[in-house]
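**Q** For reference, the chains in residue letters:
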Amino acid sequence: MRLYEFEGKELFNRLKIPIPNGRLAESPAEVGKIANEWNKPLVLKAQVLTGGRGKAGGVKVVNNPDDAQAVATELFALKIKGFPVERLLVEPRLSIQKEMYVGITIDRVNYKVVVIASSKGGVDIEDVAAKTPEKIFRKSYDIDEEFYDFDAIELAKQIGLPSQYVKEASRIVMALFSLFKKYDAKMVEINPLVLTAEDTLIAADSRISLDDDALFRHPDLAEMGIEKRHEEGEMTPREQQAKEWGIPYLDLDGNIGMFPGGAGFGIMGNDFIHYYGGTPANFMDSGGGPSPERLARMLVLLDENPNVKAIFGARFGGISRCDDFAKGVIMFLKEHGLTKPMVTRMTGNVWQEGVRLFEEAKKENPELFAHFEFHGIETPIEEIAKRAVELASEQEGGK
Amino acid sequence: MAIMVDKNSRIMVQGITGRAGAFHAKRMIEYGTNIVGGTSPGKGGQTVEGRPVFDTVNECVRETGADISVIFLPAAFVKEAAIAGIRAGLKTVVVIPEHIPIHDMLLVRKEAVAHGCTVIGGNTAGIITPGEANLGIMPDIAFKPGRVGTVSRSGSITYYIANTLTDAGYGETTCVGLGGDPILGSTFDEILAKFEADEKTKAVVLTGEIGGVYEERACEQISHMSTPVIAMIGGIFAPPGKRMGHAGAIVEGKMGTAKEKLDALAEAGAHPAKTFLDIPNILKKLGV
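Chains as they are written, first to last, in my numbering: chain A, 1 to 399; chain B, 1001 to 1288.
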């Protein structure tokens, strides 16, 4: 999960990596106040959880402090890749002598930690690596291997720093390596690392991505307000609701509500819908052995989503039995009611029992089953996907 | 024959006195899996399902001759448990829990390679050799002894594919769940090499997923295999930047998309399948 720039910089500060003396602002008026107080050229930086901020106009230099509030108003109105700007980081403008890049990441294929540095910062490191590989420092380490000072000094030399800066640069790189290890990072980047006109080194930007699965051992991050979040962007209200219920859920752009089994089929099922010409409205994962209550809540999320025109359901009864699946669906039908057409299929552990429960409940109250088609093992899952696409397009056509 | 586990394997359960450990130990035993014991520090001397419980993996290995372990412990304890198993000389360690911290798995992998141990998972449904042994949490109902091997990141996909193979009369030699976590103990190419060496396995179905990085490693292996490989990839239509369920299933900027992965696998000689129903058709064409 990605951190905001200001969060990353706070971690830099903790590890004694020098950062600009910035302040966070939540309104143009606040920015105006800071500009008045400082009375010097500023840089205003939109805080969003996505890349490409600079290209989208999310960073503005303000040479005259009197203009700060007006520029801030424009920035707060901006949407960057669809994400609203809710906070600006206000920093004094740096006078730049040289911009460099330092990053540490994980090479998942080879199970290594990789330290990368380049004499060119502020740009896409991939481009530099492709065009001028000799300008890149790159070295791999085992996770429990020490990162030595002599390696850090070599790195500083390689990215073209003159001798008088080499010790300070190596101190910063060593601190970045410690931060990577200490906070279970997937990636940490200083881009750019700036050599200022005043001959100091400073981290002008931060990009940090942490391992959500290791957050449990970093309670200090929770105190900073850093909690499990998306890799990119904030959650939608429905995703927030699902999170509260403990259901892995994502909103997508389509109109078919996906009510699958586990994560693997959740992903594959979305492909199947596309193969038959439909588009899923969401991704969802039931988790192993979901309770009837959980299944009912999954359906509530879909039935109450106005984008959903039809619902596709699948259950492969493993440890979790198909009769439990049927109980969850029936609980939803009785307590909430189904307003969208839905087609489901059950196979695996006691699927016949699931079908029997549906048939019984239908006999008792056919009204509840008005929009609901259920199938067992005799219908391939591909047919169910096809049917869901049909139902959704009937709904769209009927409007 | 089969790969990795069969009726003669001697299997222990780490965390055997826990709720999940005890529940699944019972299921595995009912299937006929040769469970010889388990560990739970502080509970040495007890028994679960008639199997002895030890305080340490070393003791369990010494007393029971265990050569494979299945871990049922919370993610935070997996690093310790897996390394204890690896250093005790186990051949295979299967990590069922999900969300293992990435830095922990890097260390586990390093230990495994150094000691010649195969680690499977985390977030795997396990390994099953139908009719002989079922390690983990897979439902027996989908599987029948036969001649096709499978390796997949996901449990639910493994069930659908095995079910398809079983219904079409092919059955399975061994089904391996590689796991859904972002960093895994083993890679596709390593499992494919085991299938290639197994005489009874006449074809392999490999299922990758967006966010995986081991499909690329599989290409090299597939290009010099004589056993045919059928490949599926989940997440062809997944939007970039969104994390779908499996901790690993996210398209990062520099990483290959699902479509690119499938194309690369096909170029290496794998036979691409779109849906489950394609699989028996391809096998038929291949004369398997």
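Heads up, some of the hints might be wrong.
Stated by the list, open to error - Chain B stretches covered by chain A per the calculated footprint, using a threshold of three residues with CB under 8 Å from any CB of chain A: (1) 1005-1016; (2) 1040-1050; (3) 1100-1114; (4) 1150-1162.
If you're looking for bench data, these hints aren't it; they were derived computationally from the structure.
C-beta: ideal position from N, C-alpha, C; glycine also.
**Q** The structure should be examined with respect to each hint, and the outcome stated for every one.
**A** Verification of the hints:
1. Counting residues of the segment 1005-1016 of chain B whose C-beta lies closer than 8 Å to any C-beta of chain A gives 0; at least three are required, and the coverage claim is violated.
2. As drawn, the segment 1040-1050 of chain B meets chain A at 0 residues by the rule of a beta-carbon pair under 8 Å; below three, the given contact is violated.
3. For the segment 1100-1114 of chain B, the assignment as covered by chain A holds, since 9 residues bring a beta-carbon within under 8 Å of that chain's beta-carbons and 3 suffice.
4. With 9 residues carrying a beta carbon less than 8 Å from a beta carbon of chain A, the segment 1150-1162 of chain B meets the three-residue requirement, and the given coverage holds.
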